[in-house]
Amino acid sequence: MRLIKKVGEWVDRRLQLATTLRETMQHPVPRQTASWAYVFGSAALTVFMLQLVTGILLALVYVPSAAEAWSSLQTLNHHVALGWFIRALHGWGSNFMVAIVLIHMVQVFLFGAYKFPRELTWMVGILLLLLTLGMAFTGQVLRFDQDAYWGLGIGASISSRIPILGPWIVNLMLGGPIIAGPTLSRFFALHVFVIPGSLIAFVGLHLLLVLKLGINDWPMPGRIVRRATYSREYHDLTRKDGVPFVPGAVAKDLFFSGFILLCIAACAVYFGPFGPSGQPDPTIIQTAPRPDYFFLWLYAVLSLLPPSMETPALLIGPVIALAVLLALPFFAGEGEKSWKRRPIAVLTILLVAVALGTFTHLAGYAPWSPVMDAWSGEPIPARYLKGCTALARQGALVFQAKQCHNCHALGGVGGQRGPQLDRVAVELTEDQLIRQVIQGGGNMPAYGKNLSPFETTALVAFLETLHPTGQAPARDASRTVESPSRP
Amino acid sequence: MTESDGLSRRRMLMKAGLLFNAAIGAILAVPIVRYILSPVTRERKPGYESWLSLGPLTQFPQGQTRLATYRNPVVNPADGETANIPCWVRNVDGEKFQVFAINCAHLGCPVRWFPQSSLFMCPCHGGVYYADGSRASGPPERGLFQYRFRLEKGNLLIDAGKMPTTGSPTASLTNITLGRRPCA
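Sequences listed follow chains G and U, in order.
Note that numbering that gives the first Met the number 0 numbers the first sequence so that position 11 is 10, with each residue one more than the last.
Note that numbering that gives the first Met the number 0 numbers the second sequence so that position 16 is 15, with each residue one more than the last.
Don't take each hint at face value.
As the list claims (entries may be wrong) - Okay, the calculated bits of chain G under chain U, using three or more residues with CB under 8 Å as the criterion:
1) 60-66
2) 145-155
3) 167-176
4) 445-459
Hints were generated in silico from the structure; no laboratory data involved.
Here the structure is a predicted model, which means the values were calculated and not measured.
Note that CB positions come from ideal geometry on N, CA and C, so glycine has one too.
Kindly produce the complete structure, drawing on both the sequences and the hints.
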């Protein structure tokens with residue numbers, strides 16, 4: 000012990016940081032901020048450090064070459080002792096990091112921490128969120144599999160829609176005319192040098208700002224932030240009702256960070272690493288690319304927006320969102336901090352959370368995508384064919400063979416792109432069915448050229464059998480009206 | 000010489016030093032920017048897009064649509080399999096062909112051909128195209144991208160080398176041209 004103390008003193012005589020460090024650690028913070036609500040920022044920092052360590056460990060084996068990245072991931076998963084575990088830690092760490100950064104942001108927003116004088120802290124925080132999402136996307140690319148390959152294609156397609164500069168940006172992003180070697184190399188450079196370097200710098204700035212301005216006081220309804228008086232009020236609060244940061248406030252941070260690390264490790268052990276899925280060979284087209292979970296909502300939005308809205312929404316939406324977030328502390332820099340007196344803030348959070356949650360949930364089963372192998376892999380349940388005429392059975396064959404099942408579900412199996420057809424005979428008359436099949440419409444292709452008259456007749460005969468028992472199929476009333484000329 | 004004179008001289012020297020560094024920085028910036036922009040500037044050179052053979056015509060029976068692959072003309076040693084690019088070849092009547100890019104005109108996912116229903120379907124966001132590449136349904140705003148092609152000594156050649164995207168100039172070049180040979 001005495002030796003350690005001596006070495007410490009020797010170092011500090013030269014470094015002269017001990018006093019500053021001690022003062023920083025023991026600076027008083029408002030007593031109420033020693034709360035479980037204030038643990039997310041430090042947890043994000045802890046997970047970031049885990050990502051740095053596991054990232055470096057992965058870089059020991061990973062080969063950032065389009066030709067070899069995928070097999071080096073296989074090596075990590077199967078041939079390097081515990082390589083799978085480090086990959087799983089890094090993958091789950093990234094999921095947790097995105098989640099914790101978002102929770103931290105919500106907490107800070109609801110507690111009014113972006114108000115005077117912490118505007119810059121908030122703005123740096125927005126930048127940190129963007130950098131974190133940048134890490135998530137580039138990281139998904141480094142897991143160089145089919146999803147990464149086609150995900151890059153989607154990224155390029157979106158970038159190409161930027162007016163005038165689009166094609167240039169695509170070339171810069173891909174490092175060439177196609178997704179290939181240079182693409183992975185530049186995403187590697189972004190993921191391991193550019194973005195983490197910026198993250199370290201801006202996390203440092205973020206922390207420095209927290210230290211300089213003091214941790215946000217617990218919002219009290221009625222305690223109004225005013226530029227003229229806030230700093231004095233905060234100073235009084237920490238003097239009268241403050242605790243030293245260490246050990247007063249840091250204990251809960253430590254426990255929560257440890258708990259999060261434990262959760263990441265547990266997920267890593269239980270669920271294992273993410274992928275890689277199939278090898279990044281573009282000639283293997285039997286694939287249905289899906290983004291990682293933090294971009295699933297975007298996948299849903301891109302599927303559900305009307306086509307004409309898509310490009311404006313993609314290009315203008317993020318700019319507006321970013322501008323609003325950055326401008327927030329300037330148009331709401333003073334006033335009430337407590338969420339109990341800020342109903343619009345709470346409603347905004349709820350709205351955004353419900354929207355993101357719904358889109359993510361929808362993207363989990365992607366009802367807008369055709370089920371590409373339903374026609375060959377998911378037969379029509381036998382009960383739909385019992386007692387059918389030969390013609391209707393022939394129609395059922397047409398239904399399978401012509402890939403109708405890829406978009407239309409029967410008995411809960413098949414695609415959900417189009418409506419489920421279990422009661423279609425009740426909803427459409429025979430004529431309407433024929434018209435719909437031949438001409439399409441309402442987001443259905445026209446099958447007129449692809450079906451012979453016999454196939455159409457058979458298919459419609461089968462569709463006519465699809466009605467609940469005891470409920471007659473829809474009939475065109477005009478067919479049964481008696482001709483007025485008859486007496 | 001007064002003290003303030005000396006100070007102003009030092010300040011002058013410092014400013015000159017800053018200016019010197021700024022000038023060197025500007026000179027260095029030229030090659031750096033040139034290096035960063037190389038994926039863009041390389042495009043102007045010949046050989047970037049070139050005529051590639053998809054193989055003998057016998058591989059593409061009349062009235063059918065078949066998958067073909069080619070090796071991208073600009074290749075790096077590290078490309079591996081990623082430089083093998085697939086495309087769909089439709090032999091309309093033995094003379095007229097259509098060569099479609101694999102990438103959906105919506106966001107670039109790989110479209111799949113279903114000969115039974117004569118449709119291309121995209122697994123991502125549900126874009127569907129007819130046999131001639133025109134849009135049938137779903138989010139795409141246009142038909143499939145097409146490569147220019149020509150027939151030479153019994154081989155099918157296409158003009159390729161760049162991933163087609165909605166905003167790229169090649170996209171407008173290769174717009175759906177029905178009933179007209181895209182390349183004369």
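Checked against the structure, which of the hints given earlier come out wrong? none
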